[in-house]
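> Each chain, written out:
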Amino acid sequence: MSAIHVTTKINGDVVDYVCEADETLLDVLRNRLGLTGAKEGCSTGDCGACSVTIDGRLTCSCLVLGAEADGREIGTIEGMAKGDELHPLQRKFLEHAALQCGICTPGILVAAKSLLEHNPKPTETEVRFGLAGNLCRCTGYDKIVRAVMDAAQEMRRA
Amino acid sequence: MAIIGPVQQKNMGPPHSRIDGRAKVTGAAPYASDFAVGRPAYAYFVTSSIARGRITGFDMAAAGQVPGLLDILTYETMRGAVKKPTFFAGGGYAGTTIRPLDGPEIFHDGQIVAVVLADSYESAREAAYKVKVTCQAEQPAATFGSAGATTEDAADAKGHEDPAVGDIAAGLAAASATVDADYATPTQHHNPIELFTTTCAWTGDKLTVYEPSQIVHGLKHGVAEQLGIPPDHVRIVSPFVGGAFGSKASVTPRTALAAIAARCLGRPVKLVLTREQGFSVATYRAETRHHLRLGADADGKFTALSHEAWEVTSRPDSYLVAGTDTTARLYACPNVFTKVHLVHVDRNTPGFMRSPPEVPYLFPLECAIDEVAEKLGLDPIELRRRNDTMKEPIGGLPYTSRSLMECFDQAAESFGWARRSAAPASMRDGDWLIGWGCASTCYPTALAPATARVILWKDGRVKVETAAHDLGTGAYTALAQVAAERLGVPVGQVTIALGDSDLPPSPVAGGSITTASVSSVIAKACDAIRAKLGVNDSALIDPGIRVAGFERLGVALVQEYAEFAPHGAKPEGIDKLYAGLSTLKGGAMLEDRIQYAFGAEFVEVRIHARTREIRVPRVHGAFAAGRIVNPKTAHSQLMGGLIWGVSSALHEATEMDLGTARYINDNFADYLVPVNADIEDVSVILVPERDTQVNPLGIKGLGELGNVGTNAAVANAVYHATGRRIRELPIRLEKLLA
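Line order of the protein sequences matches chains A and B.
The first sequence begins at 1 in our numbering and counts up one residue at a time.
The second sequence begins at 1 in our numbering and counts up one residue at a time.
Calculated from the structure, these hints are not laboratory results.
By construction, the Cβ of each residue, glycine as well, lies at the ideal position given by its N, Cα and C atoms.
There could be a bad hint or two in this list.
Label pairs and their in silico Cβ distance ranges [unchecked claim]:
(1) Lys82/A <-> Pro571/B: 51 to 61 Å
(2) Asp70/A <-> Asp59/B: 36 to 46 Å
(3) Val15/A <-> Thr134/B: 39 to 49 Å
All chains should be modelled from the sequences, with the hints used to inform the complete structure.
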């Protein structure tokens, strides 16, 4: 197999990497780039733990090849806080105790950020259905919804 | 939505956000598979596609052509490489004694038959797909009633006695109302979102294992046993665990295989089981069957309880949960008979899954109580009140504390139970049939020996070191709160090191024992530090006193190591802990008393009159568990428990092909768990309770308290909505259509 050279942008930074043709974006992020915030929970697109954005669109990185990131913009959990300043969603997740073991949390935060970018004023039902693709097994479902609603309100005020 | 913020009440610490929360929301928290090791090889398992038989040959020709392939390990080269593991129930470490790659025999579907090693994950997987295994298959026994299944009395399995008292026949004869019914609970798999991963790296003859674990010292000794090397040559690193629920509490066969692979290759090996492989390489909650008879006299006093049950286990291992230890003692009843049977079939060995005995065993009892109440024309809460007791009926031992009815009163008030119309199918909202049901919940309060080291610096920084585990439970935070309070410093000045077998040993993060056991030892170490600083037992410690104490001692830091053994523990408990073994004491296992945490759970279901779609708009639970160290994380655990309970009642079941004894829905598309859209109002009430006996701090565990009563509460609500008693879980709409 011949390696593929990829030029992409991750969390705003230009990144070059070499990957195999059959390597998933999730494996590239985790194993080649050390971005281990995206987690593997199923490799079938069912759990959402590996959620990232590609050109602003929410995507399971286990279902995309690393080679497909060429020329695109990738957003991961590592790009969500600005330095030490947490994103309002991250802050509200802490305040509302919307996480337990934390393995699903990066994926849910990426999905919630994407949801609010597309719908800044979601109803509770829209949040529940918008995040239905992210499994939390611990499970913090009610608190997750509350945190997202609260963050949305704060972000609208800002 | 429910009211969220738990407020600090009597005998509760202040609600505190997770001290590890920032690492988790930024993606920085290192889970076992996140650790980078230099240039790893990747392992991928080939697993058996039959449940019983023998391997007759391998064809490696196609696999051998895959670029990047390094090696393929099978029993032909590995026989004897893994030493025989000791089963945890026999005083060992392993969740199964089945040794894959030790011979051609197949004991269950999904058994590991080859380990493929390659330069990349993709190459390992491709080569694994190309390994051809030929087998001579035999007809397997899948479950109860399968040809070839063998049954034994659990009383013959080591350590179990069937609790009984009085004369069951006389008790049944004296009853005015009786229920005599059969119940069934399904196979369930824990399915933590974190996969079962193992990374092994050798430095000389020393092995480091990065693996999510609920018992790092147990895993260390278990792996050493299987590799035949000294335990102090093994280190387990597992600071964060992405959910476990019991599945990471015993040693699986995968770890020794990954370690041997890494030794063979002379480089680190990373192994990430697929979601499907986790169903058969790790453990699960076995299906159960119950025959329950409950009788009560005209006043609603129980006269007889007979609980006979059957559990599934593997061929070689007698895994047993025997929840009759709890059901026999939950209510006052003069005549109790119990009997548990184990049924051996051709499956992987089952294991602990959140509230292992109580979830399957309280379901029939709490459903039967609802039924008896209806026959007597009594409210089901009132029936429980009439049989509430401070003394368990089998040995007459006193409960250390029991707030069951206080929990019912508070949850009933919050839920609005007084507005319930008692007759089945009598509450309706348009096309939706409304049902309200309730049930008791309980979980034994056990503790185990624990050790810890606490360091206090003159400037007020504190470090706590103990090989306990935070599975998402909030242990990092609660343990920091205990140390901070004891040493008079802000929580932010405390750092906690957990999840590493180089730290002083702590017991398994199972049986809801961590907070009580580990807080107790941390408090003990802190008290020794206070004594060194000249602070007497009750005095508050403030910065002035601390600094004065340090100046008097003339040192920069004070450190204390402590050992804690709970009530009823044997002297050798600490030695066993150092050998990786946790000896739990408490619940119904004590000679002089019985200790449990209690709660009450209320559920509203809405069932569509035509489609029978089942929705759960409301779940309210009230729980009492002694001192609550951190109401914020306790609230989360109980809420998660209630949602687990709804999941168990309505969604979860591992489906099996009865002809081949293979799991069918071994993936997240087909194994149903609730998503955000399935869950609505979940309210948790923390009921203040003081228990001066369970341990010096008065803490009971609550991680497994939330999901015990929910199965019955949902089933009772479904009955109230429809008039149909569904006695087999999960309750899916097809069971309401017929």
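> Hint by hint, say whether it matches the structure.
A quick look at each hint next to the structure:
At about 56 Å, the CB distance of Lys82/A to Pro571/B agrees with the hint of 51 to 61 Å. In this structure the hint that Asp70/A and Asp59/B lie 36 to 46 Å apart at CB holds, the actual value being about 38 Å. For Val15/A paired with Thr134/B, a C-beta distance near 46 Å keeps the hint of 39 to 49 Å intact.
Figure legend: structure checked against the earlier numbered hints; every hint is met.
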